[in-house]
Amino acid sequence: EAQVTQNPRYLITVTGKKLTVTCSQNMNHEYMSWYRQDPGLGLRQIYYSMNVEVTDKGDVPEGYKVSRKEKRNFPLILESPSPNQTSLYFCASSFGTERGYGYTFGSGTRLTVV
Amino acid sequence: GNSVTQMEGPVTLSEEAFLTINCTYTATGYPSLFWYVQYPGEGLQLLLKATKADDKGSNKGFEATYRKETTSFHLEKGSVQVSDSAVYFCALLSGGYQKVTFGTGTKLQVIP
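Line order of the protein sequences matches chains A and B.
When the letters of the first sequence are read in order and numbered with the numbering used here, they come out as residues 1 to 114.
When the letters of the second sequence are read in order and numbered with the numbering used here, they come out as residues 1 to 112.
Note that these hints are calculated values from the structure, not bench results.
Glycine residues also receive a C-beta, built at the ideal position from the N, C-alpha and C atoms.
Here's a subset of chain B near chain A, in silico, CB distances under 7 Å, partners left out:
1) G103
2) T104
3) G105
Chain A on its own, in the form it takes in the complex (with noise of 0.2 Å):
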């Protein structure tokens, strides 16, 4: 089944402590990005990569760094994770470049950082 898987589903840690949030698409898709959702601020880019070793930033980079050292992986990391990063987090791919292409999106990461 074509899908992006994400893990951990839910995590609850404490400030500081640095964690990885993995992301795998078997979709051979080249574009990945990272996104959050909070309440009322809908989707926000956080890192996009568009393919092995290249990786940008987007709306809101501060306090994440991603990897892009596989096709299928694209790990998000919190150096040091702080309560404002307390959120649900969706990694997403897709095809490339091309017009009209979608996105398939992970099913979230719910994340709280007390």
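Following the hints, put chain B in place on chain A, whose structure we already have.
This is chain B only, laid out in the frame that chain A set:
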């Protein structure tokens, strides 16, 4: 920059009622337009899309027409069901690097 504006929710309808969720956009060039749906506890799923002016996207009884003159992409369904209860996001894709801008979402609740 690009932006998407959706009508405020929540929208509450009775089963079999007609649905319209308004969406307008601001973008440079000729964006592609999308509607995504998010069911409770799940990620977003692509519902329909349109890639050029006057295109109509349709899926599962939902429709939306790309109106360049009014910069709109309103979502419609003739007869909603309880199973349509979800949050609906309008989105646009502009630029050569898959930059997608989402609206804030509209929650739809359909009551029997």
